[in-house]
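Enquirer: If you read the protein sequences in the order shown, they are chains A, B and C.
If you want the numbering used here, it's the position in the first sequence, counting the first as 1, plus 3.
If you want the numbering used here, it's the position in the second sequence, counting the first as 1, plus 1189.
Residue numbers are given in the numbering used here: position 603 of the third sequence equals residue 592, and the series is strictly consecutive.
These are calculated hints, taken from the structure and not from any lab test.
Positions of the beta carbon are idealized from the N, C-alpha and C atoms, including for glycine.
Any given hint could be a false lead.
[Said to hold, decoys possible] FRET-style restraints, in silico, Cβ to Cβ: (1) Ala64/A x Asp216/C: 44 to 52 Å; (2) Thr546/C x Ala64/A: 44 to 52 Å; (3) Thr373/C x Leu1335/B: 49 to 57 Å; (4) Lys191/C x Leu15/A: 19 to 27 Å; (5) Lys522/C x Val263/A: 58 to 66 Å.
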Amino acid sequence: MKPFLAYLAKRLLQFAVVVFIGVNITYVITHATPIDPVEQSVTAATSFGVTSPEAVEMMRASLRELYGLEGSPVEQYLSFWRRVVVGDFGPSLSAFPTPVSTLIWRAMPWTVGLLLASTLMTWIIGNLIGGLAGYYRRNRLLKLAGIVSMGVHPIPYYIVAFVLLIVFGFVWPVLPISGGASMNVNREDSFGFALDVLLHSILPSLSLMAVGIGGWFMGMRALVSNIVTEDYVTYAELAGVGRRRILRSYVMRNALGPQVTGLALQLGAIFNGAIITEQVFGYPGLGSLLISGVHAGDYSLVLGITSVSIIAVSAAVLVIDLLFPLIDPRVEVR
Amino acid sequence: MQVLAILRDLVRYNLEFAAGLILVGLVVAMALLSFVSPYPPLDVYVVAPDVPPSWDYFFGTTSRGQDVFWQLTLAIRNTLTFGIVVAVLSRLIALMVGLVAGYKGGWIDRVLMSINDTFVVIPLFPILVLFYFIMRDAMSWAMLALITAALGWAYDARLIRAMAMSLRTREFTNQAYFSGASTGRILVQEHLPFVLPIVFSTTMNNINWSIGIEVTLSVLGFTDINTPTVGGMIYWANQHTALVAGVWWWIAFPVALVVMLFVGLFLLAISMNEYIDPRSRLARMGGGA
Amino acid sequence: MRVIRLLMLALASLIASTAASSAQGTISDLPRRETLILENPEGTIKNPGWFNIWAINAGGQYTGLHQLALDTLWYIDPERGLDGSWQNSLAAEKPIYNADFTEMTVKLRPGIFWSDGVEFTADDLVYTVETQIKTPGMRWSALLSLNVDSVQKVDAQTVVFKLKKPNSRFHALFTVRFNAIWMMPKHIFEKAPDPLRFDFNKPVSLGAYTLNSYDPDGKWFLWQRRDDWQRTTLGRYGEPGPKYVAYVDPGPPDKRVIAQLNHDLDVIHDVAPEGMFTLAKQSKSLKTWFKGFPFGHPDPTLPAVIFNLQNPTFQNHDVRWALALLIDIRAVAMASYRGAATISAIAIPPTGTHPDDYHKPMQDWLAGFELDTGKEKIKPYDPTMGQQIATMLRPSMGDQIPTDPAEIARSFGYGWWKPNPTAAAELLERAGYSKRGDAWYTPDGKPFAIKIMVEGDSRPVMTRAGTMIAQQWRQFGIDAKIDVAQGTNMLDRRGAGDFDTFIGWSVETYGGHPDLAFFLDSWHSQFVAPAGKTQSPRNWQRLTSPELDKLIEQIRTVSFEDPKTVELGRDYAKFMVREMPIIPLMAYNVFTAMDETYWTGYPTAEDPYTDPVPNWGNSRLMMVRLKPTQP
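Construct the entire structure; sequences and hints are all you get.
Expert: Dropping the structure here:
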């Protein structure tokens, strides 16, 4: 147990360091912006309707006071960290005075749900098919599956999402192409609502999966084909152990280890894919929120979302790293 | 000479490599054609808009009055250049970090790897969007290439470091060290040749990755959409609701070409990977266990 | 293999079950025949539970909130209106000013009730004004603080304003041209501790609709007709047709077109010209403002090439005119709107009642206008430009192009400046510029380079226009390029004067009323910011002209009802032609597409009872005239 605790402590420290560096970088970048949120609000308020130049001046002054943009850079930095530690990113500047954290928590479930479901499915299906393909080398169906998944894998998320949108939204319109749920669906009716949400998540998940499967497939197939030549597998085969049993207990289980690590490393990339996919399908998750924040010049919101993404991905990697020794007993915790 | 022999082997025995070479070759040919394009790159309404593919206009024309074929040659050239520049820059960083960390070990290694892990874990897209957010039109292609390269070295640096660590324990390294060679010389002269094949195959993947980023950012309008690029073409097509208006050729051809490039580079990468691992290379060529 | 087969079976059954339910639709259990669905160009609202429109930048505004739920004293329609473009809404009659415009009296309409049963009285009006003056930082705080010295309730139906300085157009603050100062419900807001942080959820309506429900993720808002609709100002026109009205975010332009083709979206706010042409081709139930080309509704806004007049290059009138003479408006109309543009040579939008008040009567003056290039005198105006565009389009668009000259003038505009590179060269030479080889050089010997700032993705049509203009200047020998500044960046640079030229608008009018003070007042040189400081709307070109100042001051002393305002308006137009501080291009055509599958009675050019563009507060008039297509 002792070495595990030491490992745990080391990994936690690493987690904290990564988050700290990442959020700092984000803070510096967002505050390097020349965008003036007061100007945004003033212009938004005066674009239409009656206005007068003097009124605009007055509005500018009162908003500056309201948004509380005083304090030296150092003071702002310190107060930022003081708030972040309790999860407060300040008010959104394009939806004042709603706190950024409120907006993030509202969008978070959609992104997390989408990511969780599609990542798990992709990992399971990809590894399953890859493992089978590595073991049954001559099966034509598996070879075909391999070619298809590897063919789609290098294509960027945007294009795959776009193609799916065209096929299922335009050519054969059977799936909803926009939004997280239908209009006026009763949210109290949990079964109906759940079904509706599921429906709307099919296309986004599908595009994430289409791209992801190929990667796991290839990795698993390579691993399995290596393991298959190992002595203990040959011995089991000769000893008459059933093929299915060999595949399951001897081959796949040993191949899973590196794939779990691979999952940890891929999480950042998968998150990117989710953001892009959300844009294409108008899915109300963090990705859409980020893009709308950028367009509105709302740096509080952008800072908040980026920080949350960094923390979330790092935390997920941490969890996987900690679970890994439990899966693969060969690994020594050093 | 050795390189030629390797290439010959690859083409002869490895279908994937041959296919990849053909695909990439076609794309590069398109890019080179851009130098003889009869239309100035930035001009619009130089030909009749929305003409379907025909003998006059191989790939049809866009709603902005541009010839899709010639526009695409320019676009693919710009996109490819961007991808290559980013790949080269990030290889340099990855090599430096990986070799030094692997060879030196100790606290240098730990520090470099912490930085590395940070970059692996940070979701890149929000950061890129962030940069665009502050720089807006000051974001030239050179700047974007620099930033993307600075974000794309982490994954491969680890691979290189692993190789470097194993090389460190080899005989010839000790020999060089004891004969007084400096760290730099050892890294460049002794280790680099071993590491290069891996670097090469990761370059293919890296080009894919950076072009993917460019296409995605351009499609969302987050880059300078006046320079023709593949992502930019799709962006303009969306602006003009091309698909719904029936101008499918404006989207289909750029997408097809870029998919060819991706798949081609990918095939090259995996076939080279296979070649590097001697067991699979021999298995492929029909010998060995 | 069993596993794989199982997976495939699961996937197939999932797809089959979803195909069974009509999965493309966005409504689940609303009676579609009683629901009108419109697009909200704000997109997805970040903060959907916020309905306090009096706090700035806090929640959605055009979600149906200001169109259906709120009300104020008067409306000016950008078109003809149901009973005239001027409407007394919460006010019973027009504003009553004293002789020197320092006092305004408002008589309110009795019998109007909030949706929770409380009657609307002078208390609400007084509360609205006083609260915003007391709480700086609210949407209209500044405007009210600057103008209002005191506001008093005389009786339940009468309010008197005492103004800080004479303002003959003070009533404009309460007159809806797109929006205006909306009335706050005193009985609700006085219970809130801080009006800036009160979310006003669920909103209490003064208009004919109340909030039924909304999407916590901000994609749709559903409003329901009040049972006591007769007790609202809209009620005097009749019962509003749609029982339910939904404002939604349908996504990017192609999704909007798809949605309307599937009859899931009744009114599209705006779409690219190509999208409109697709709808015209494929939709049997499409209704547009103009029956044929150019389909779209010309909003009372005037896109133009706006010069930065604090930049020394553009301070020379010859240079500005030369650049104007290099533009071929036909190519610009084709590039931007695919020809579906209503051009204007004068600095007034060619829409609403303006063509009758300004464009048509000034044709003779324009045709006779003479320009001295230094080498010759030319008459640059070509009155047939509109017709030429129509002729250009007829081969490909066939009988969608009108043939009647009056109709062509209405749809495409009258005339414009004839492209004349020779005259342009002469003007530039007089200004000291010289041509060496293919390129033009400034008097200091530097290459003549101009950047045109455009908004890129946010306004694709204008970006295309700018791109074409840059190309035309380039072909002449000027190093012209477009410079994309999107969203907030464009706003910053426009305000800071950080541009050479940009495609935008500094001219916005009422549309249904000839008074130009709405925008012109802010063009007085007293409001021009020094170089480097932020310019307030709307004088983006930073024009300073004693001649124009005198005109503006004259307008200030004349009541906005006085027919003299039209005369002064024409003087303004003539001044703008002579000086050319901006190069007017065309009206801002909004491609609002309406679907008649479920509803009929939309406003059109033949029946111009209001502006169909759905984010305008004035569009509420549509509700009264819309009737179900399928009873």
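Enquirer: Could you tell me which of the numbered hints above are not met by this structure, giving the numbers in increasing order?
Expert: Those not satisfied are hints 2, 4.
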